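Protein chains in written order, with the numbering used here: chain A, 198 to 567; chain B, 769 to 899; chain C, 684 to 1029.
It cannot be assumed that every hint is accurate.
[Unchecked claim] Partial selection, computed: residues in chain A whose CB lies under 10 Å from chain C:
| no. | residue |
| --- | --- |
| 1 | Ile214 |
| 2 | Gly261 |
| 3 | Leu313 |
| 4 | Thr323 |
| 5 | Phe325 |
| 6 | Val334 |
| 7 | Phe337 |
| 8 | Leu340 |
| 9 | Tyr341 |
| 10 | Val374 |
| 11 | Tyr523 |
| 12 | Ile533 |
| 13 | Ala541 |
[Said to hold, decoys possible] Cβ pair distances, simulated, as ranges:
| no. | chain 1 | residue 1 | chain 2 | residue 2 | range |
| --- | --- | --- | --- | --- | --- |
| 14 | A | Phe337 | C | Ile691 | 23 to 33 Å |
| 15 | B | Gln892 | C | Val719 | 58 to 68 Å |
| 16 | A | Arg545 | C | Glu1006 | 57 to 67 Å |
| 17 | B | Asp811 | A | Met380 | 23 to 33 Å |
| 18 | C | Val706 | A | Gly516 | 51 to 61 Å |
| 19 | C | Ala715 | B | Gln892 | 43 to 53 Å |
Note that these hints are calculated values from the structure, not bench results. Keep in mind the model is a prediction, meaning the values are calculated, not measured. Yeah, the Cβ is synthetic: ideal placement off N, Cα and C, and Gly gets one too.
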Amino acid sequence: MKNKSFKDILISNAVPIIFLVLSAAAIPLSGFTTSYLIQEMVTRMGRNCFLVLSLLIPIAAGMGLNFGMVLGAMGGQIAIILVTDWNIVGMQGLLLAAMISTPISLALGWLTGEILNRAKGREMVTSFMLGFFMNGVYQFIVLYGFGMVIPVENHAMLLSRGFGIRNAINLQGVRQVLDKFLMVDIGPIHVPMAAFIVIALFCLFILWFNRTKLGQDMRAVGQDMAVAKSAGIAVDRTRIIAIIISTVLAGYGQIIFLQNIGTMNTYNAHEQAGIFAIASLLIGGATVSRATITNVFVGVMLFHLMFVVSPMAGKTLMGQAQLGEYFRVFVSYGIIALALVLHALRRRMDKERERQSLRGGDAPAPANGH
Amino acid sequence: MKARRLVVRAAALFLFVALGVFLFVNGKGHDILLDNKTVTMGDQTYEAFASALISLDGKKAVEIQRRERLPEMLVGKNHVIRVEVMNRGGKVIQTREEKFSLGLDRTWLISLPMLISGDARWIQVFKTGEN
Amino acid sequence: MKKIRAFIEAAGLPRVIIGGFLVLLFAVAPLAQISVARSVSDTLVRMAMNGVMVLALVPMVQSGCGLNFGLPLGIIAGLLGALLSIELDITGFAGLFFAMGVSLPFAAIFGYGYGLILNKVKGDEMMIATYVGFSSVSLMCIAWQLLPFTSPIMIWGYGGSGLRVTVSVSEHWLHVLSDFLSFQIGNFYFPTGMFLFLAFMCFLVWGFFRTKIGTAMTAVGSNPEFARASGIDVDKMRTISVVLSTMLGAIGIVVYQQSFGFLQLYTGPFYMAFPAVAALLLGGASVNKATLFNVIVGTFLYQGICTMTPSVINSLLQTDMSEMIRLIVSNGMIIYALTRKVQVKR
Chain A
198 MKNKSFKDIL ISNAVPIIFL VLSAAAIPLS GFTTSYLIQE MVTRMGRNCF LVLSLLIPIA
258 AGMGLNFGMV LGAMGGQIAI ILVTDWNIVG MQGLLLAAMI STPISLALGW LTGEILNRAK
318 GREMVTSFML GFFMNGVYQF IVLYGFGMVI PVENHAMLLS RGFGIRNAIN LQGVRQVLDK
378 FLMVDIGPIH VPMAAFIVIA LFCLFILWFN RTKLGQDMRA VGQDMAVAKS AGIAVDRTRI
438 IAIIISTVLA GYGQIIFLQN IGTMNTYNAH EQAGIFAIAS LLIGGATVSR ATITNVFVGV
498 MLFHLMFVVS PMAGKTLMGQ AQLGEYFRVF VSYGIIALAL VLHALRRRMD KERERQSLRG
558 GDAPAPANGH
Chain B
769 MKARRLVVRA AALFLFVALG VFLFVNGKGH DILLDNKTVT MGDQTYEAFA SALISLDGKK
829 AVEIQRRERL PEMLVGKNHV IRVEVMNRGG KVIQTREEKF SLGLDRTWLI SLPMLISGDA
889 RWIQVFKTGE N
Chain C
684 MKKIRAFIEA AGLPRVIIGG FLVLLFAVAP LAQISVARSV SDTLVRMAMN GVMVLALVPM
744 VQSGCGLNFG LPLGIIAGLL GALLSIELDI TGFAGLFFAM GVSLPFAAIF GYGYGLILNK
804 VKGDEMMIAT YVGFSSVSLM CIAWQLLPFT SPIMIWGYGG SGLRVTVSVS EHWLHVLSDF
864 LSFQIGNFYF PTGMFLFLAF MCFLVWGFFR TKIGTAMTAV GSNPEFARAS GIDVDKMRTI
924 SVVLSTMLGA IGIVVYQQSF GFLQLYTGPF YMAFPAVAAL LLGGASVNKA TLFNVIVGTF
984 LYQGICTMTP SVINSLLQTD MSEMIRLIVS NGMIIYALTR KVQVKR
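Use the sequences and the hints to build the structure in full.
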């Protein structure tokens, strides 16, 4: 496997390469300056990488793309609503939001894990539907719970009827506190260093986690549940832990995202978080069963490059910015569809090859990491 | 062994909650209204003064005129206010420094004439709808 | 107690809960000053309106392709047919049937491509179907802007370009099917035409599953290995089921539109598969087995809930909770089905 030919590299990185070419064509059409684009990319990396990183662990555990990460994002949003209402400001507010989101995400992650254990083999579609389902519950809590059951002090956040949170709330207390905590200027570019340090810590956590006993178990479960079980690994428990970690981290990721944006679309910020994070990861060259930290960074960059560039490129090309916007929506969904198809194809090919080698009689036992 | 684990968990939970409370108290943002109006409390009347320089927690001073009310923002519980009263010529005639701590209420009213005269009721919770 | 348990076992817990809830809503309706006759009538209208789209899911479930979350593909075909019929200014039944007829070849082409994809991804159909649906809807958003339609009813009048977000069918074939042989008794209106049409479509599907191809399809769904051993072309059967499903979806949306009054373009078709899937599952179908009985019962229950909750809860609590209840009921139903491997209930 070490001596990959150029062609192999090209094939296995087809998706990022296509994107690079598309963006390279679109950049001159958009008419943006290089320094503007670099600044946008740096800002967006700081804003989004954490969310995308939260998807890695369930992939290692063989549970596919965790569409249930939107549950974590909901937890983060509820925490941020509370903190904004109590007017806890600055870094304290941000940390408190993270702390409040933790138990909420723990509970939601546990629920997701339990449900996904009952739907083995269709984790993705189930977690996807679970996101929709919990969206109903979230709306119920935010639209009725706040102001009726959960006291809200700051009436400016409430709808005029006296309960329920407004569609958009201003997060002035925590706006960009992480970004501005350690802003480093490199040339004309402002780099939110603190956000990148947090992201780096997360990467280290993932690298460390992969070496722990639990991390090893997770990969074993991801490769083959039956083998892992016979090796004495508590499969269901390991899977639940993977989802819990992912959900909790998605909650933190959403808090980081929101502090950068500074305002929150109460009723759809979490849905967007899910679709954009998953599309980014796949654009970075990840598959449903394999994703690395590199995929995250490459993916976030390429996805957001396209995101920034396409409306303007659409305007230059067709005279309509709207077309570029539709195009990027199409790309986010299309890329997920494409990646899912490629994954299913590859799995089928592997299965066929395995069958063939079994028939040949010289089947090398697949390595299971144990 | 089981007992030890329980103790560790309880301690961790306690620390978690304690940190939360600490952040809550320490990060609470308060709106402060600095008020330089004549106030009557019972049979006592406190006259507003011409102008004053106000510094909160050693930050750069702001100037307040007669009958003015300035909003300020403070984060956390314990604070210091320093008031330098000036006469019409702009000369400082009286200085007073006070420590104060804020409860969990959001908005507080500081009456500068009362503070200068040493009335302990100079800081009060401000309820919207009153004046 | 034992009898109750046996009944719940036989009918399936979700059906019992939702059915009970629906009965409760009808019982409470008079208290909320809502006409029961009108409510029943609304439920029936919506049932007939959505019935064909729910029916469209059946072939794919039967052939083992799972729940057709890719229904928007069929809907797009239906929209194309409807747009063409309005563009050519054909009114009345002619327009309606022209829309259906024109949408069928589109649906067949889309369905064929979609079926080829699904054959390559056996085992992952549902997730991929969802995203094939999503991406084709978003691709069509671009197409709706660019397609050269000219009828003033459907393009933006001022400055803008491309098709409108909603296109009215009121000047062409609004309610032609609904009002066919329909009757009104007080508040109660019965859309006979739509029910006749739904019954006709059900009959066609019923008949199809009794033909040689139909039985082969069911065999593929229930045991692909056995089907292959007995000489059935599994991939071909699956493709046929997907084409059939997509074509029924196209017809379904045209029926829906003639009753609803508008074509919903752009992001309109995005989430249309989920209510249909939820209705089918509510009717007692599972991920790999569905009957016409499931379609009828499920559509009635689901649309009953969707009609009754807004009116009853709004007038009792003075707030609109219908959207949330719909989200929770329909998606909860889908999750329930995905996490269980139950046999189909009669």
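* Asked: Which hint numbers does the structure go against, in order from smallest to largest?
  -> 1, 10, 16 and 17
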